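Visitor: Chain by chain, the residues:
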Amino acid sequence: MESRGYRWSRRAIGIVSLLLVAATVILGLWITPPDVVQGQLVRLIYVHPPVAWVAYLAYGVTSIGSILYLWKRTRNLKWDLLAAASAEVGVVFTGLTLITGSIWGRPAWGVWWTWDARLTTTALLFVLYLGYLALRRVPADSHQRAVRSSIAGLIAFIDVPIVHQSVVWWRTLHQGATVLNPSLSPKIHGEMAMTLLLGFITFTSVYAWMLMHRYQIAILEQKVLDAELDQLIEERRREPDSQYGEARPANDVGNIDQPSKV
Amino acid sequence: MWRDALLIAAKDLRIEFRSKVTLNLILPFAFVVLIIFAFALDTSPGTLQKVAPGLFWLAVLFSSIFSVDRAVAIETDDNAGDGLLVYGVDPGGIFLGKVVSVFVQLFLLEIFLLLGVVILYGPKIGGWLLMLASAFFATIGLCAAGVTYSQLASGSRAKQTLLPLLLVPVVSPVLLAATKAWQDAFAVTSSLGDPWLRLLIVFAVVYLALGAIFYSSILEG
Amino acid sequence: MWRDALLIAAKDLRIEFRSKVTLNLILPFAFVVLIIFAFALDTSPGTLQKVAPGLFWLAVLFSSIFSVDRAVAIETDDNAGDGLLVYGVDPGGIFLGKVVSVFVQLFLLEIFLLLGVVILYGPKIGGWLLMLASAFFATIGLCAAGVTYSQLASGSRAKQTLLPLLLVPVVSPVLLAATKAWQDAFAVTSSLGDPWLRLLIVFAVVYLALGAIFYSSILEG
Amino acid sequence: MLSGNFPILTGLDFEAGPGEVVLVKGRNGAGKTSFLRAVAGLLRITRGSASVLGVDLVANPADIRHRVGLLGHESFLYEDLTARENVDFILKATRSDMSKAGSSLSSVGLTGRLTDLRVSKMSAGQRKKVALAALLAREPELWLLDEPYAALDSWTREFLDSALNSRVAVGATVILVSHEAHHGSLVPTRVVEIGGGKVINDVSGSDLYQVGPQVTAQKRSGHVA
Amino acid sequence: MLSGNFPILTGLDFEAGPGEVVLVKGRNGAGKTSFLRAVAGLLRITRGSASVLGVDLVANPADIRHRVGLLGHESFLYEDLTARENVDFILKATRSDMSKAGSSLSSVGLTGRLTDLRVSKMSAGQRKKVALAALLAREPELWLLDEPYAALDSWTREFLDSALNSRVAVGATVILVSHEAHHGSLVPTRVVEIGGGKVINDVSGSDLYQVGPQVTAQKRSGHVA
Ligand code: HEM
Ligand SMILES: Nc1ncnc2c1ncn2[C@@H]1O[C@H](COP(=O)(O)OP(=O)(O)OP(=O)(O)O)[C@@H](O)[C@H]1O
Ligand SMILES: Nc1ncnc2c1ncn2[C@@H]1O[C@H](COP(=O)(O)OP(=O)(O)OP(=O)(O)O)[C@@H](O)[C@H]1O
Ligand SMILES: [Mg+2]
Ligand SMILES: [Mg+2]
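Protein chains in written order, with this note's numbering: chain A, 1091 to 1352; chain B, 250 to 470; chain C, 250 to 470; chain D, 1380 to 1604; chain E, 1380 to 1604.
Simulated from the structure, these hints should not be mistaken for laboratory data.
It cannot be assumed that every hint is accurate.
What the hints assert, rightly or not - Taking lysine-lysine and the DSSO-like style, the derived pairs with C-alpha atoms no more than 30 Å apart in a straight line are:
#: 1; chain 1: C; residue 1: Lys299; chain 2: C; residue 2: Lys373
#: 2; chain 1: D; residue 1: Lys1404; chain 2: A; residue 2: Lys1168
#: 3; chain 1: C; residue 1: Lys299; chain 2: B; residue 2: Lys373
#: 4; chain 1: B; residue 1: Lys373; chain 2: C; residue 2: Lys373
#: 5; chain 1: A; residue 1: Lys1313; chain 2: A; residue 2: Lys1162
#: 6; chain 1: B; residue 1: Lys299; chain 2: B; residue 2: Lys373
#: 7; chain 1: D; residue 1: Lys1404; chain 2: E; residue 2: Lys1500
#: 8; chain 1: E; residue 1: Lys1471; chain 2: E; residue 2: Lys1500
#: 9; chain 1: E; residue 1: Lys1500; chain 2: E; residue 2: Lys1479
#: 10; chain 1: A; residue 1: Lys1168; chain 2: A; residue 2: Lys1313
#: 11; chain 1: D; residue 1: Lys1471; chain 2: D; residue 2: Lys1500
#: 12; chain 1: D; residue 1: Lys1479; chain 2: A; residue 2: Lys1313
#: 13; chain 1: D; residue 1: Lys1500; chain 2: D; residue 2: Lys1479
#: 14; chain 1: C; residue 1: Lys373; chain 2: B; residue 2: Lys299
#: 15; chain 1: E; residue 1: Lys1500; chain 2: D; residue 2: Lys1500
Please read all numbers here as calculations on a predicted model, not as lab measurements.
Generate the whole structure from the sequences, applying the supplied hints.
Guide: In C-alpha cells:
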C-alpha cells in the first residue's frame, strides 16, 4: 500500500498546485499588462511555453526511468511504471501544447495549423509517445514489456532536442528561443517575466501531482496482477486433477508409472 | 560479433536473392509510388522538380518499411530466431548483419529509383558527391532504426501495422534531413560541409549504437 | 452465399475488434502519413489545401493495403483458408464477407481521417453529400480490388511486397477519380451528378463483380 | 499430381467403402499428406482420373469437400479466436448442429479456462484437441486424419480411437496416416503402403492379423489415381 | 515462469547428469514444451532459482544456449534455403565442424535431390530430418527433444534411437518429451511426469524396469526450479 509519507506529500503537492494555479490565473489575466504588439493574446505565454516545457520534463523522466530499468544493477519494475506514468502525463501536456499553440496561432498567424518545423516536430513528438503507449499495450509479460518500451522511450526522446532546436535549424514562423535561450537571460522583463516564471513552477507542480497519482495507480494495478498471479499459480498446480476429474482412465496412470509396457 | 554479422548478412542476402523481393517487387512498387505521387499532386512540372527530393525519400521510406519487416520476418517464421539464440549467435551480430543486408538492398533500390526520378521529374543536379554521401548515411540511419523497431514490434500479432506507426515518426527526422540535403545538392553551390549531411551522420551513428546496444535485450526480453 | 458472407464478415470483425488493429494502429499511422506528406512536400498552406483530397486518398490507399493484407492473412495463417474450403463455405461468400469487413474498418478510418484533414489542412468543403457518396463507392472499389489481389498475391512468400505492386496500379484509377470527385466537392458548386462519382460507381460494381466471379478460381488455383 | 513441376503422386489405385478404416503408411516424403489433400479435393489432379465417394475429383474437386473432415499437420484454426469461438465458427460454416460445440470440447478435455483461451496461447496438443472437437461435432462422412496421434497424450489417443470406432460403426470411412505402431482400440481393416507416390502394398480384410469391424454391404467407391 | 500473466511452470525440482536419458511425460498443456524451453534458456524464469549444467538460468540464461541442442514442435529452419544450406548455416553459426554436414544429412536419409530441395517444399518428416541432421553434426552436450518421433517414419525412429544411444554413451544428456509408449532401443534411465506446471512423479534407476546405460561418475547437476 501507499506509504504515509507518499500520501501526505502527494496531498501537499496537490494543494500547492491548486494555490499556484490560482495565483497564475490572477497574475496572468489581471495583474500583467497587455502587450504592445499582441495585445491580450500575449497572456497565452503564461501557459503555452510552460506546458511545452513540462512535456519535455515528463519525457526526460520517462527516459531516466527507462535507463534505470535497462541498467541491470538498478533494474526494478517500479522504474518502468514510473516511466510509463510520466509518458502518459507527457502526452497530455504535449496535447495541451498543440492546443494552446493552435489557439494562439489562429489570431497570431491567421491559421490554426501550418507546416512549420516546430509545429511538425511537436506533432511527431506526440505521435512518438502515442506509439510508446501503443507498444505497452502489446501483450507480454511485465519484464518483456518493460524492456521493449524502455528502448522505445529512449529512442523517442531523441526528438525532444530536435523540437527544441527546430527553430534554429529550420527558418521558422514560430517564436525563437525567448526564455530558454542559450544565455539563459529571458528577453522579456518585469511582471511578465515573473508571471512566466510562476507559470513554469505552477505547471511543474501540477505535473508532479499528476505523476504521483498515475504512478500510484500503476503500482496498485501491479499489486492486483501479482495477487491474481498467486491465485493462478494455485489453480495451475491443481490442474491435473481438476482438468479431467474422474474421467481420466486408469490405464493412463499405469502407463506413466511403468514405461516398461513394451 | 563481426563474424556473426557477416554470417547473418550472407544468409539474409542469399534468401533475398533467391526470392528476388527487392529487385522484382519493391523496386516496381517504389516506381508506382513515384508515379502516383506525381498524379495525385497534380501539379505543374516545375513543382514536381522542387518536391522531387521529398518524393524520393518518401518512396524510400515506404520501401524500407517492407524491407526491414521482411528481414525480421525471416527469423520469426518457424521461430528461426529462437534457433539463432540457441546456436549462440551474438545478438549484436544479428543486428549488424540485418542492417548490412537491408542496407545493400535499399542502396541498390535507391540507385534505380534515382534514375526514375531523373527521368520522370527531370531535376538538375549540382552536387553528386553530397547526394551520394547523404544517401549513404541516411540509409544507414533508416536501416538501423528500422531493424531495431521491427524487432521491437515483432512480438505483436498486429506487427505489420504497429511497425509503421512506431517507425515513421522515429525516422522522419532522417527523412527531413535527407530531403534538405538533396535539395542543397540540387542547388549549384553545394559542398560536403552541408549541415544536413552532418545531421545525417549523427543520426546514423546514434541509431546504430542504440540498436547494437539494445538488440540483445529486445531478443531476450 | 449471403449467409456465408455474413458469417465471414462477423468472424473477421471479431478478430479485428479483438486485436484493435484499425483503431489503435492504422489510424495513427494514417495521421502520421498525413503529417509526413505535408512536411516532406514543404509547401505553403495554400498548396496543401489544394492537394488535400489527393493526400487523403493516398493515406487511405496505404491504410487499405494493410487492411486487406490482414484480412487475407487471417486465412493463410495456419492454413485456415483450406479449412474454409473443406467446410464447404461458398468462395463468393468469403469474398463478400471480407469486402464487408474491410469496408467497415476503412469507412470508420476515413471518417476520423477526414477530421484530421479538416483540422490539419483546413480546406473549405462545399458538397458534403458528394463527398460521402464518392467516399462510399471509392471505398467499395478499393476493398473489392484489394481483397481480390491480396488473395492473388497470398501464395507468394513475398506477399507483403507483391500486394502493393499489384494493387496500387489497379486501384490508381479509383484513387484519381476519388481525388477529382473530392476536389469537385470542395468547390462550391457541386452536385451528385458529378461524372467522377459515376466513374466510381462503375469501378465499384466492376471490381465487386469480377471479385465475386473469380474469387473461387483464385482460391482453387 | 504436380507441385511446381515435381510429380508427387505418380499413380494410386485405391478404393474404400463405408465402415472401412484404412491405415496409410510409408516413408517420409512418400506422398501420404499429398494423397489425403487430393482426396479432400485440395490438390488438383493434373493427369489421370480419380473419384471419391462417387465424386469425380478431376472435374469437380469442390463437391467432395464439405463431406470430408480433414485433420492435417496444421490445424486450420484462427489463432486470435478462442477454442470455443473456433469450434462455433466451424460448425456455423458447415451448417452443423451448433449445440454440440460445448459437449465435444469437454469430451476432449477442454473445459473451464481452456475453452476461452485463445488458440495462440495453447500447447501443441491442445490445438490439435480443438480441431478434433470441431470434427467430432461435425461428424463428417469421410475422416482424413494425417498423423492425428502426434502431440496427443495417451488419454486423448484412447479417446480418439473409441470415438472413431463409434463413427465407423455407423458407416463412416476413416483414412488415417500414422507412423506409430498401433496399440489403441482402433483396428484398421486395411493397411495401404505408399512409396514413391504410388501404392506399393495393400493388405486388407482377412490378410490382416485381425478383421476390422463390420463392413457394410452397399459399397461406395473411393478411387484415387 | 510466465506467459503473459499465466504461470506455466509452477515449481520443478529436477536434476540430470551426463549419460542420463530423461523421459518427460505429462498431459497436453502440462508444461513440457515450456520446461524444455526454460532449460534451453529461451523462457525467462520470473521467480525462484534454476540451474542447468552448472549455469544459473535466472542470472544468465544466454550462457547455456550454445551447449544445448533443441528440437521443438517447430524446426527453426529457413523455408527458402535448401536442406544443405540450412545445415551449413547452423554449423557455421555454432562454429562446428563443417565437414560433417553432408554425412549427417545422408545418415538421416536425405540424399540426392533432397539435399538441394528448399525446406518449404518438404514433407513434415523431411523437415524434421533436416533439423535432426544439423543436431547430429553439432553434437551438443544436452539434447532437448520435444516429441522428436512425431512425423518420423519407423526407419528414422530406429536410427534416431541408436544415434542418441551412442551420444549418451560418451556422456551426453538427453531430455526427451514423448507421448508414445516406447519401443525403440533408446531406454530412458528416468521418467519424469509433469502436471500443472510441476513435477508430479519422478521414477528413476532401479525403480525402472531396466537400468539405463552407464551413468558416468563426475556428475554435473541440472537443476530447474
Ligand atoms: C500548434 C502550434 C504550436 C506548437 C505545436 C508550439 C510548440 C511549442 C514548443 C514545443 C515550445 C517549447 C520550445 C522550447 O523551448 O524548446 C514552444 C515555445 C514557445 N511558443 Fe509555441 N507552439 C505553437 C504555436 C505558437 C504560437 C502561435 C506562438 C506565438 C505567436 C508561440 C509562441 C511560443 C513562445 C513565445 C515560446 C517560448 C519560446 C522559448 O522560450 O523557447 N507558439 N512552442
Ligand atoms: N497466456 C496464457 N494464458 C493462459 N494459459 C496459457 C497462456 N500461455 C500458456 N498457457 C498455457 O500454458 C500451457 C503451456 O504448455 P506447454 O506448451 O508447455 O505444454 P506441453 O506440455 O508441451 O503440451 P503438449 O503435450 O500439448 O505439447 C498450456 O496449458 C497453455 O494453455
Ligand atoms: N516442388 C517440389 N520439388 C521437388 N520435390 C517436391 C516438390 N514438392 C513436393 N515435393 C516432394 O513431394 C513429397 C511430398 O510428400 P508428402 O508431404 O505428401 O509426404 P508425406 O508422405 O506426408 O511425408 P511425411 O511422412 O514426412 O509427412 C516430398 O518428398 C517432397 O520432397
Ligand atoms: Mg505428411
Ligand atoms: Mg508441447
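Visitor: Please go over all the hints and tell whether each is borne out by the structure.
Guide: The hints, checked one at a time:
no.: 1; hint: Lys299/C x Lys373/C; result: holds, 10 Å
no.: 2; hint: Lys1404/D x Lys1168/A; result: violated, 58 Å
no.: 3; hint: Lys299/C x Lys373/B; result: holds, 26 Å
no.: 4; hint: Lys373/B x Lys373/C; result: violated, 36 Å
no.: 5; hint: Lys1313/A x Lys1162/A; result: holds, 23 Å
no.: 6; hint: Lys299/B x Lys373/B; result: holds, 10 Å
no.: 7; hint: Lys1404/D x Lys1500/E; result: holds, 20 Å
no.: 8; hint: Lys1471/E x Lys1500/E; result: holds, 24 Å
no.: 9; hint: Lys1500/E x Lys1479/E; result: holds, 24 Å
no.: 10; hint: Lys1168/A x Lys1313/A; result: holds, 12 Å
no.: 11; hint: Lys1471/D x Lys1500/D; result: holds, 24 Å
no.: 12; hint: Lys1479/D x Lys1313/A; result: violated, 40 Å
no.: 13; hint: Lys1500/D x Lys1479/D; result: holds, 24 Å
no.: 14; hint: Lys373/C x Lys299/B; result: holds, 26 Å
no.: 15; hint: Lys1500/E x Lys1500/D; result: holds, 28 Å
Hint compliance for this structure: hints 2, 4, 12 are not met, and every other hint is.
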